[in-house]
Amino acid sequence: SQELEQSPQSLIVQEGKNLTINCTSSKTLYGLYWYKQKYGEGLIFLMMLQKGGEEKSHEKITAKLDEKKQQSSLHITASQPSHAGIYLCGAPGVGTSYGKLTFGQGTILTVHP
Amino acid sequence: DAGVIQSPRHEVTEMGQEVTLRCKPISGHDYLFWYRQTMMRGLELLIYFNNNVPIDDSGMPEDRFSAKMPNASFSTLKIQPSEPRDSAVYFCASSLGWERETQYFGPGTRLLVL
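Top line first, the protein sequences correspond to chains S and L.
Under the working numbering, the first residue of the first sequence is numbered 1, with each subsequent residue one higher.
Under the working numbering, the first residue of the second sequence is numbered 114, with each subsequent residue one higher.
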């Protein structure tokens, strides 16, 4: 079965700093979803990457998919307290199992004002 | 749209009791998913439905767990009898389709079994 490892497990930054979260897969990635979760709330969809080399941005968050490295990265520029939360990556299954997502353990981000 | 709706948001029960979690997916979505999130195991898929039909329940931990979807706007996840190790956050999610579609999550039900 596929496993996703996120690094770092937790991150504390000062407001205004840039940061990167990585998601590495044990198998080939056929896509990658990024979600954000706040305590006591559900997962909020951020971005979906569908093919190797793809890069997407939304506001100050940029995500990339490196198929060869079986890895995705999430980069936040000029972090703000509103970026704090748990970031989860999710990988689709193979072929007919595409919708069966496997998730990483999450990265806890704290942003100090 | 109101998004995926789950109830109750919090549930505290005693071991051995029956627990029923409820979910209303986003209107028009054909797929519904039930997940469980724990510190030890992270977020795991339990079961999913397509057009109200259960397709894959390989993630359901034991026979104590059952899920139904009597119509397109309602699903339940039942645990009978409940055990302390079932304590977790249970999420429901729905999507428009299967491939390359986004799964939208509900707020979750935080279950504590004493």
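If you are wondering where the hints come from, they were derived from the structure by calculation, not from laboratory data.
A virtual CB, placed ideally from N, CA and C, is assigned to each residue, including glycine.
The reader is advised that the hints may include incorrect statements.
To be verified - Quick list of in silico lysine-lysine cross-link-like pairs, DSS-like style, CA-CA up to 27 Å:
(1) L:Lys181 with S:Lys51
(2) S:Lys51 with S:Lys36
(3) S:Lys68 with S:Lys38
(4) S:Lys100 with L:Lys191
(5) S:Lys100 with S:Lys51
(6) S:Lys36 with S:Lys60
(7) L:Lys181 with L:Lys191
(8) S:Lys69 with S:Lys27
(9) S:Lys100 with L:Lys181
(10) S:Lys100 with L:Lys137
(11) S:Lys51 with S:Lys68
(12) S:Lys64 with S:Lys27
(13) S:Lys38 with L:Lys191
(14) S:Lys56 with S:Lys100
(15) S:Lys56 with S:Lys36
(16) S:Lys60 with S:Lys17
(17) L:Lys137 with S:Lys60
(18) S:Lys38 with S:Lys60
What the hints assert, rightly or not - Pair by pair, the computed Cβ-Cβ distance ranges are:
(19) S:Pro8 with L:Asn184: 20 to 26 Å
(20) L:Ser120 with S:Gln14: 35 to 41 Å
(21) L:Ser186 with S:Ala78: 24 to 30 Å
- Task: Mind listing which of the numbered hints don't hold for this structure, in increasing order?
- Result: Violated: hints 1, 3, 17, 19 and 21.
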